[in-house]
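Generate the whole structure from the sequences, applying the supplied hints.
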Amino acid sequence: MSDITKQSLTELVESIKNKKLSSSEVTKAFIERSEKSKVLNAFITEDFTSALDKAKKFDQKPNLDLKLPGIPMAIKDLFCTKNIKTTAGSKILNNFVPTYESTVTENIWNEGAILLGKLNCDEFAMGSSNETSFFGNVQNPIDKNLVPGGSSGGSASAVAGQLTPITIGTDTGGSIRQPASFTGTVGLKPTYGSCSRYGIVAFASSLDQAGPMAQNVKDCALLQEVISSFDAKDSTSIDFKRSHYSKDLTNNIKGKKIGIPKEYRVDGMPKEIDDLWQKGIEYVKDCGAEIINISLPHTSYALPTYYIVAPAEASSNLARYDGVKYGFRANGKNLIDMYEKTRSEGFGAEVQRRIMIGTYVLSSGYYDAYYLKAQKVRRLIKNDFDEAYKKVDAILTPSTPSSAFKIGEKTNDPVSMYLNDIFTVPVNLAGLPGISIPAGHDTKGYPLGLQIIGKAFDEQNILNIAFAMEEKINFKNKITDWWIK
Amino acid sequence: MSKKSREYLINRKDNQYEVVIGLEVHAQVLSKSKLFSNSATKFGAEPNTQVSLVDAAFPGMLPVINEFCVKQAIKTGIGLNAKINKRSVFDRKNYFYADLPQGYQISQFKDPIVGEGKVIIDLPDGHKEVGIERLHLEQDAGKSIHDLDPQNTFVDLNRSGVALMEIVSKPDLRSPDEVSIYIKKLRSIMRYLGTCDGNMQEGSLRADVNVSVREKGSKEFGTRCEIKNVNSIKFMQMAIEYEANRQVDLIEEGKTINQETRLFDTKKNETRSMRSKEDAHDYRYFPDPDLLPLEVSDEFVNKLRSEIPELPDDKKKRFINEFKLSAYEATILVTDIEIAKYFEEVVAKMGKNKDMKLAVNWITGELFAVLNSKNLEITQSPVSAKNLAILVNLIKNGTISGKIAKTVFELMLKNDEDPQKIVEEKGLKQQSDPKALEVLIDKIINNNREKAIEYKQGKEKLFGFFVGQAMKASGGKANPQLINEILKKKL
Numbered sequence: 251m252s253d254i255t256k257q258s259l260t261e262l263v264e265s266i267k268n269k270k271l272s273s274s275e276v277t278k279a280f281i282e283r284s285e286k287s288k289v290l291n292a293f294i295t296e297d298f299t300s301a302l303d304k305a306k307k308f309d310q311k312p313n314l315d316l317k318l319p320g321i322p323m324a325i326k327d328l329f330c331t332k333n334i335k336t337t338a339g340s341k342i343l344n345n346f347v348p349t350y351e352s353t354v355t356e357n358i359w360n361e362g363a364i365l366l367g368k369l370n371c372d373e374f375a376m377g378s379s380n381e382t383s384f385f386g387n388v389q390n391p392i393d394k395n396l397v398p399g400g401s402s403g404g405s406a407s408a409v410a411g412q413l414t415p416i417t418i419g420t421d422t423g424g425s426i427r428q429p430a431s432f433t434g435t436v437g438l439k440p441t442y443g444s445c446s447r448y449g450i451v452a453f454a455s456s457l458d459q460a461g462p463m464a465q466n467v468k469d470c471a472l473l474q475e476v477i478s479s480f481d482a483k484d485s486t487s488i489d490f491k492r493s494h495y496s497k498d499l500t501n502n503i504k505g506k507k508i509g510i511p512k513e514y515r516v517d518g519m520p521k522e523i524d525d526l527w528q529k530g531i532e533y534v535k536d537c538g539a540e541i542i543n544i545s546l547p548h549t550s551y552a553l554p555t556y557y558i559v560a561p562a563e564a565s566s567n568l569a570r571y572d573g574v575k576y577g578f579r580a581n582g583k584n585l586i587d588m589y590e591k592t593r594s595e596g597f598g599a600e601v602q603r604r605i606m607i608g609t610y611v612l613s614s615g616y617y618d619a620y621y622l623k624a625q626k627v628r629r630l631i632k633n634d635f636d637e638a639y640k641k642v643d644a645i646l647t648p649s650t651p652s653s654a655f656k657i658g659e660k661t662n663d664p665v666s667m668y669l670n671d672i673f674t675v676p677v678n679l680a681g682l683p684g685i686s687i688p689a690g691h692d693t694k695g696y697p698l699g700l701q702i703i704g705k706a707f708d709e710q711n712i713l714n715i716a717f718a719m720e721e722k723i724n725f726k727n728k729i730t731d732w733w734i735k
Numbered sequence: 015m016s017k018k019s020r021e022y023l024i025n026r027k028d029n030q031y032e033v034v035i036g037l038e039v040h041a042q043v044l045s046k047s048k049l050f051s052n053s054a055t056k057f058g059a060e061p062n063t064q065v066s067l068v069d070a071a072f073p074g075m076l077p078v079i080n081e082f083c084v085k086q087a088i089k090t091g092i093g094l095n096a097k098i099n100k101r102s103v104f105d106r107k108n109y110f111y112a113d114l115p116q117g118y119q120i121s122q123f124k125d126p127i128v129g130e131g132k133v134i135i136d137l138p139d140g141h142k143e144v145g146i147e148r149l150h151l152e153q154d155a156g157k158s159i160h161d162l163d164p165q166n167t168f169v170d171l172n173r174s175g176v177a178l179m180e181i182v183s184k185p186d187l188r189s190p191d192e193v194s195i196y197i198k199k200l201r202s203i204m205r206y207l208g209t210c211d212g213n214m215q216e217g218s219l220r221a222d223v224n225v226s227v228r229e230k231g232s233k234e235f236g237t238r239c240e241i242k243n244v245n246s247i248k249f250m251q252m253a254i255e256y257e258a259n260r261q262v263d264l265i266e267e268g269k270t271i272n273q274e275t276r277l278f279d280t281k282k283n284e285t286r287s288m289r290s291k292e293d294a295h296d297y298r299y300f301p302d303p304d305l306l307p308l309e310v311s312d313e314f315v316n317k318l319r320s321e322i323p324e325l326p327d328d329k330k331k332r333f334i335n336e337f338k339l340s341a342y343e344a345t346i347l348v349t350d351i352e353i354a355k356y357f358e359e360v361v362a363k364m365g366k367n368k369d370m371k372l373a374v375n376w377i378t379g380e381l382f383a384v385l386n387s388k389n390l391e392i393t394q395s396p397v398s399a400k401n402l403a404i405l406v407n408l409i410k411n412g413t414i415s416g417k418i419a420k421t422v423f424e425l426m427l428k429n430d431e432d433p434q435k436i437v438e439e440k441g442l443k444q445q446s447d448p449k450a451l452e453v454l455i456d457k458i459i460n461n462n463r464e465k466a467i468e469y470k471q472g473k474e475k476l477f478g479f480f481v482g483q484a485m486k487a488s489g490g491k492a493n494p495q496l497i498n499e500i501l502k503k504k505l
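Heads up: the protein sequence lines correspond to chains A and B, in order.
Per my numbering, the first sequence starts with residue 251, numbered consecutively.
Per my numbering, the second sequence starts with residue 15, numbered consecutively.
Just to be clear, a hint being listed does not mean it is correct.
Stated by the list, open to error - Label pairs and their calculated CB-CB ranges:
no. : chain 1 : residue 1 : chain 2 : residue 2 : range
1   : B       : E81       : A       : Y616      : 34 to 42 Å
2   : A       : N584      : B       : H141      : 48 to 56 Å
3   : B       : T237      : A       : A482      : 43 to 51 Å
4   : B       : K100      : A       : E275      : 58 to 66 Å
Stated by the list, open to error - Once the Cα atoms are required to be at most 30 Å apart in a straight line, the calculated DSSO-like pairs of lysine-lysine come out as:
no. : chain 1 : residue 1 : chain 2 : residue 2
5   : A       : K575      : B       : K157
6   : B       : K486      : B       : K503
7   : A       : K483      : B       : K503
8   : A       : K483      : B       : K85
What the hints assert, rightly or not - If you want the ones that stay clear, here's a sample from chain B, every Cβ over 10 Å from chain A, calculated:
no. : residue
9   : D302
10  : E324
11  : K355
12  : D430
Source of the hints: derived by calculation from the structure; they are not laboratory data.
Idealized CB from N, CA, C, for every residue including glycine.
Shown next as structure tokens:
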């Protein structure tokens, strides 16, 4: 059984299509491994019984033309799933069961996949270590007491730990790419507007984007093909011609121009990250691509800009969790008292911190100095990329400034935690696609990722570059199954 | 326009004060579905039966603009002679309240869909231009119901998300009467356009009223107070009257007026403080990241422009020029689009040889009296325009007298019967045969010889007696003009 869970998505789809494996066998294998992996705390909600039923039903009448025929899949608990509890990692939604399905998950089920359960994440996707979840820390399968990254920590842990063949996360400032980097997996944040936000619990509307997380680039391309769609229910969804990302995937990147931005060589960056970047440059050259040094001059303003824009939007997006309509409610003497108690008890510390930051930067008298200024800087950051893309086809950077850290190591220092997103945040601010692929290990043996940033709507190109590099890197994730006794 | 005689001033010992009023009118967009969702907007539905997941702000729900509401707002802007902004932005106005599910209202703050415009209002002694500052689209909130339970408040979200147009006037109004006329004019324009039904009882039209006072002749504005959410013209007038006097009293006592939001208590007929400027909400407006800026093309606006019907001001001009109506008559007929429609149908059905004056008199006289007494709208008129036109023509061509016409009109009220048929069936046709009338009059003179002599001797009052006798003898059907002529000849 255990070798089933070792298979990639592409292999599993092949096996089911060739009838070497049934959906029930595959589903059972992942459930059994998940049962043995509770220590990872990757799941918030398990839906195993129902998953087996669905697999059985699929096997009785298999539709093998689908892209994900009978493939079991666990997903981040930020996606609303019909009749399945959806918490966003928060106490305030602890009892919330949607009557509707997000467009992205709808697309997945329409291609034949089967829901295994809902995966842990930072509360309302606010965090870089999955430590802000109301449902507890998630363990990184790489090593004991190591964070899996965040906010899609449960998703990264579940893919790396082979509890799901593939998954989806959401990425507002790096929440797919950073955990992918920390767990030796592949994570793609698509162009803003590529995947519908309908039915995804909102964090920061102008930055949020769903994307695939996988063991390899090909799987990632296949899932991107499934989830990306124009959706009239999301006014920011964009109607552009989408490639057949998996079918059109090629390792031929000869002559592609890859930009290396000098501003990403930040102070205090560990040497091993810099070395990894250099190695990445060599791999790209080996593939026949051309390296061009570029400048993204406003990079250093990206993090402060992000920490104004994202909390501002979040402070407003989270106003709806007031105890009136659904979710957790604390009793109060009157309406205001009920609001205060509900939100004080229902939201965790990090969420409250960001609501307060966001409320502050939008306040009259501060709006111009913070929010408006941040919007202007955001435009400059976007312009930097536009300029760069006149010269290059894609940009190569490290995914994160360090490898995974220990649980509790940064919880008391929010700023050092925020610094995790230094290389990923500019991509969200500019609305561009970015992919993180595992590229090596640090001295502790923890995985490190490289990020490829593309032009808007050019997911195919960065998938191709990632695919070509993946072959050269030949990365092997060191999963020892330490948590399975 | 100078109108000294009608100036609305508040007098105190030595001082005269002028009242300055600006209105923020909230007009519900006439639309089957809400501004950002497809829920229905029918008035009076069972609580919480017209609520979508978007209206109730469920997690992950997103607003999608209703194009029809955008068209309605632009049409209204055109009707207000206003600038249509090709790019406008939806902002979030953030505040907590139980009937505001999102925790913010989607509105337009910095960049409204409609910019400056103007409305002409008709005053008893001329007309006046009232400036429009802007018109923007926004969502309505739900309704909190506090009186169903001693402990709990109930919330009805049927109205949550319904599209409103906020129409902000410049501080150009100077009296409660001008406010009344302005509101009626706005309503008239929107009803012509079909963009708002203007029904104040159902809350489709309500206003925040900004009031300040200043010494007559002063150019500076006084400190203003905003009276929130007044939902009838009468209450607006009462509120302004009270508030202006309150402010004048404060000034006279040497006190200062605080800029604040006030509520009008309709039972006590007074305004009272709701919150001061210091306590004002910080709404933390910012562009809604769930919605892209709203961009409309010239073609889009021009197409809507081509769909704009003739509006009251133009219709009035045409009625005056084409039908030779007085300005007063034309105003009465154009204010309500349905009355204008009725009138124009009567005109059309009267054919070539029409008596416009007679038609106007019958509509504004007999017909309006019936509608008023029965509390009916013109659209519910028991007499159709076609039959009223026939009736007017029957009078005009001498088939019946004006007096008989009233009898016929009474009979028409039952089943909207054809007056021609009534006249024939009841034999009400006017007697206009001179020979027959001569015979009838000869008989009357013969029967009243003494009175005839008295008349000849100079008792001219008796002429009326003979007319009366002749009418009586003819059963009221004799042509009164002929009777007059024959009597004069014979007596």
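Right, here's what the structure says about each hint:
About 36 Å separates the C-beta atoms of B/E81 and A/Y616, a value consistent with the hinted range of 34 to 42 Å. The supplied range of 48 to 56 Å is met by A/N584 and B/H141, whose beta-carbon atoms lie about 51 Å from each other. At about 48 Å, the CB distance of B/T237 to A/A482 agrees with the hint of 43 to 51 Å. At about 60 Å, the CB distance of B/K100 to A/E275 agrees with the hint of 58 to 66 Å.
Of the supplied pair hints, the one linking A/K575 and B/K157 holds, its CA atoms being roughly 14 Å apart against a limit of 30 Å. With a C-alpha separation of about 20 Å, the suggested pair B/K486 and B/K503 falls inside the 30 Å cut-off, and the hint holds. The hinted pair formed by A/K483 and B/K503 fails the criterion: a straight-line CA distance of about 88 Å is larger than 30 Å. At most 30 Å may separate the alpha-carbon atoms for a hinted pair to count; A/K483 and B/K85 meet this at roughly 20 Å.
Against chain A, the non-interface label of B/D302 is violated: not every CB pair exceeds 10 Å, the least being about 8 Å. The beta carbon of B/E324 is kept farther than 10 Å from every beta carbon of chain A, the shortest such distance being approximately 36 Å. Under the 10 Å C-beta cut-off, the non-interface status given to B/K355 relative to chain A holds; the minimum distance is some 38 Å. Residue-level check passed: B/D430 sits 48 Å from the nearest beta carbon of chain A, beyond 10 Å.
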